[in-house]
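J.: As a plain string of letters, each chain reads:
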Amino acid sequence: MVAIILSLTLLVLDHRYHHLQQLRSALAFVTYPLHYLADLPFTASRWFSETTSSRKTLFAQNTTLREQNLRLRAELQKYQSLQAENMRLRDLVDSSFKVGDRVLVAELSSVDLDPYKQQVVIKKGAISGVFEGQPVLDAHAVMGQVTSVTPLSSTVLLITDTSHALPVQVLRNGLRTIALGTGHIDELKLPYLPTNSDIVEGDLLVTSGLGGKFPPGYPVATVTRIDRSPDAPFSNIIAEPSAHLDRSREVLLVWTIPSQLPATAGGIEQQQVGAEAATATAAGDPDGAAQTDAPTPATTQVAPEPQT
Amino acid sequence: MSGGGQGRLVIVVTLCLAMLLIILPMPEWARPFRPPWVTLVLLYWAIALPHRVGVASGFAAGIVLDVLTGTLLGQHALGLSVVAFIAIQLHQRIRVFPFWQQSLGILVLLVVEHLLGIWITGATRGVAPALEYWAGPLIGALLWPWMFVTLRKIRRQFKVT
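Heads up: the protein sequence lines correspond to chains E and X, in order.
0 is the number of the first residue of the first sequence in numbering that gives the first Met the number 0; add one for each residue after it.
0 is the number of the first residue of the second sequence in numbering that gives the first Met the number 0; add one for each residue after it.
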């Protein structure tokens, strides 16, 4: 009886309020060895296949990567000049804008979590400066956000989870809305768009940055199906996430570094969100982003523990 | 009481192994068929040694499982406490059943636990899991005789009383 009451209390506390995060993190640190053990055979087999792969395969892989690198560098040159131009123009209209993002690559841990919830474990934690609410990307698009952090690992809630909502906008015309998770790994829904809104199949959705958690402008999903019924106030829109949610092995953790331009009313929210990242930069790199407008190079410095 | 300490160790190790099996990655199609290992192990110990493994152990194992699988704190704790309680109430009857009858009893307990979990996910997140997830308790019940024999062997080997 006591146990039932205790579990119900815990359930309500955990669901309604978020006081238990510390308890959960502490316990998660204790259960980390189990996660590690479950992941071990897969890490070991990957290591084994890597160390025993033939010289020829490695050569071939190296050539492809070199080519890819060259192509990406060429594209980056274009991008950098565009970025500089963009910054200059934004400076002219006096609007605040992110200067650059610091990223860190993290590996997924091969463990299965609750089957009804879309989440994954990554092998980077508070020691690497990961904080709660941090955006997580893969090579293609937004994946989700960090929901709980332990010193060595953290849990990421994917954008397709039913409890996840993401502010997005249509890249083509800037139409803003919110993308909700459906619980299916390949579906997002956009329930808040009126029937007459300008959206078509194939539209790319990008983050709008309005929620303050995600940096603006990252791709999220492609609209795949639109059901407009004349008697319903809202259309029924389904989009497919561009990130390889069920296939990625590596993810990118992002710290947004806000610009030091004078904050306008619209920029305040952005500034606050980036505050943690800003302190991280200021601490590790005294004359970094503070003075220059150039993007801070991605470093792997250890950020101070964001949880207080 | 050195025997007691060792016994506790054996129980904890078997529970940890069960938890390992719960989070071990499986292909997407096989995930609904994963049996509730922790519940099975806990039920065995509750039936075999009701004076040592009970509602409190169920609760503790449940909390660890909640943290491990990222569910709401208390979801597994509630389910495991309830089935541990029922198992302790019925342990003398379940012990004398033949295997197939035991499996049926275990099936009922596993279904109760699964149902509690579904209620909690339904109430807090508004989604009912797919129907094929009911295969878990069923497979768990089918596995029970082997589970029982294996754990009994372990219990006798290490003289856990």
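None of these hints come from the bench; they were simulated from the model.
Idealized CB from N, CA, C, for every residue including glycine.
There may be inaccurate statements among the hints.
As the list claims (entries may be wrong) - Far from chain X, some chain E residues (derived; all Cβ distances over 12 Å):
| id | residue |
| --- | --- |
| 1 | Leu10 |
| 2 | Ala73 |
| 3 | Val119 |
Said to hold, decoys possible - Facing chain E, according to a computed beta carbon distance under 10 Å, are these residues of chain X, among others:
| id | residue |
| --- | --- |
| 4 | Met18 |
| 5 | Glu27 |
| 6 | Ala47 |
| 7 | Phe58 |
| 8 | Gly61 |
| 9 | Gly73 |
| 10 | Gln74 |
| 11 | Val95 |
| 12 | Pro97 |
| 13 | Leu114 |
| 14 | Gly116 |
| 15 | Ile117 |
| 16 | Thr120 |
| 17 | Pro144 |
To be verified - The calculated label-pair distances, taken between Cβ atoms and stated as ranges, are:
| id | chain 1 | residue 1 | chain 2 | residue 2 | range |
| --- | --- | --- | --- | --- | --- |
| 18 | X | Arg92 | E | Ala164 | 46 to 52 Å |
| 19 | X | Phe157 | E | Thr50 | 53 to 59 Å |
| 20 | X | Pro26 | E | Asp226 | 28 to 34 Å |
| 21 | X | Trp118 | E | Ala164 | 23 to 29 Å |
| 22 | E | Asp226 | X | Val95 | 24 to 30 Å |
J.: For each hint, tell me whether it holds in the structure or not.
T.: Verification of the hints:
1. Some Cβ of chain X comes within 12 Å of the Cβ of leucine 10/E; the nearest lies about 4 Å off, and the non-interface call is violated.
2. Residue-level check passed: alanine 73/E sits 38 Å from the nearest beta carbon of chain X, beyond 12 Å.
3. Annotated as non-interface, valine 119/E brings its C-beta within 12 Å of a C-beta of chain X; the closest such distance is 9 Å.
4. The criterion of a C-beta within 10 Å of any C-beta in chain E is met by methionine 18/X, whose closest approach is roughly 6 Å, and the hint holds.
5. The interface hint given for glutamate 27/X holds, since its Cβ lies 7 Å from the closest Cβ of chain E, which is under the 10 Å cut-off.
6. Annotation: alanine 47/X was flagged as interfacial toward chain E, and the flag is violated, the nearest CB pair being 20 Å apart, outside 10 Å.
7. At a threshold of 10 Å, the smallest CB-CB gap from phenylalanine 58/X to chain E is about 4 Å, leaving the interface hint in force.
8. Interface hint status for glycine 61/X: upheld, as the beta-carbon distance to the closest one in chain E is roughly 7 Å, under 10 Å.
9. Below 10 Å, beta-carbon pairs count as interface contacts, and glycine 73/X has one with chain E at about 3 Å; its hint therefore holds.
10. Taking 10 Å as the C-beta contact cut-off toward chain E, the hint placing glutamine 74/X at the interface holds, the least distance being around 7 Å.
11. Among the interface hints, the one on valine 95/X is violated; its C-beta lies about 27 Å from the nearest C-beta in chain E, farther than the 10 Å criterion.
12. The closest approach between the C-beta of proline 97/X and any C-beta of chain E is roughly 31 Å, which is over the 10 Å cut-off, so the hint fails.
13. Because the closest C-beta pair between leucine 114/X and chain E is about 14 Å apart, greater than 10 Å, the hint is violated.
14. Interface hint status for glycine 116/X: upheld, as the beta-carbon distance to the closest one in chain E is roughly 8 Å, under 10 Å.
15. Nearest Cβ of chain E to the Cβ of isoleucine 117/X: about 9 Å, under the 10 Å cut. The hint holds.
16. Annotation: threonine 120/X was flagged as interfacial toward chain E, and the flag holds, the nearest CB pair being 5 Å apart, inside 10 Å.
17. With a cut of 10 Å, the hint placing proline 144/X at the interface with chain E is violated, because the nearest CB-to-CB distance is about 26 Å.
18. In this structure, arginine 92/X and alanine 164/E meet the distance hint of 46 to 52 Å, their C-beta atoms being roughly 50 Å apart.
19. At about 39 Å, the beta-carbon gap between phenylalanine 157/X and threonine 50/E misses the expected band of 53 to 59 Å.
20. Remark: the range hint 28 to 34 Å for proline 26/X to aspartate 226/E is upheld by a beta-carbon distance near 32 Å.
21. The hinted window of 23 to 29 Å between tryptophan 118/X and alanine 164/E holds, with their beta carbons roughly 24 Å apart.
22. As the Cβ distance of aspartate 226/E to valine 95/X is approximately 59 Å, the hint placing it in 24 to 30 Å is violated.
Taken one by one, the earlier hints fail for this structure at numbers 1, 3, 6, 11, 12, 13, 17, 19 and 22, listed in ascending order.
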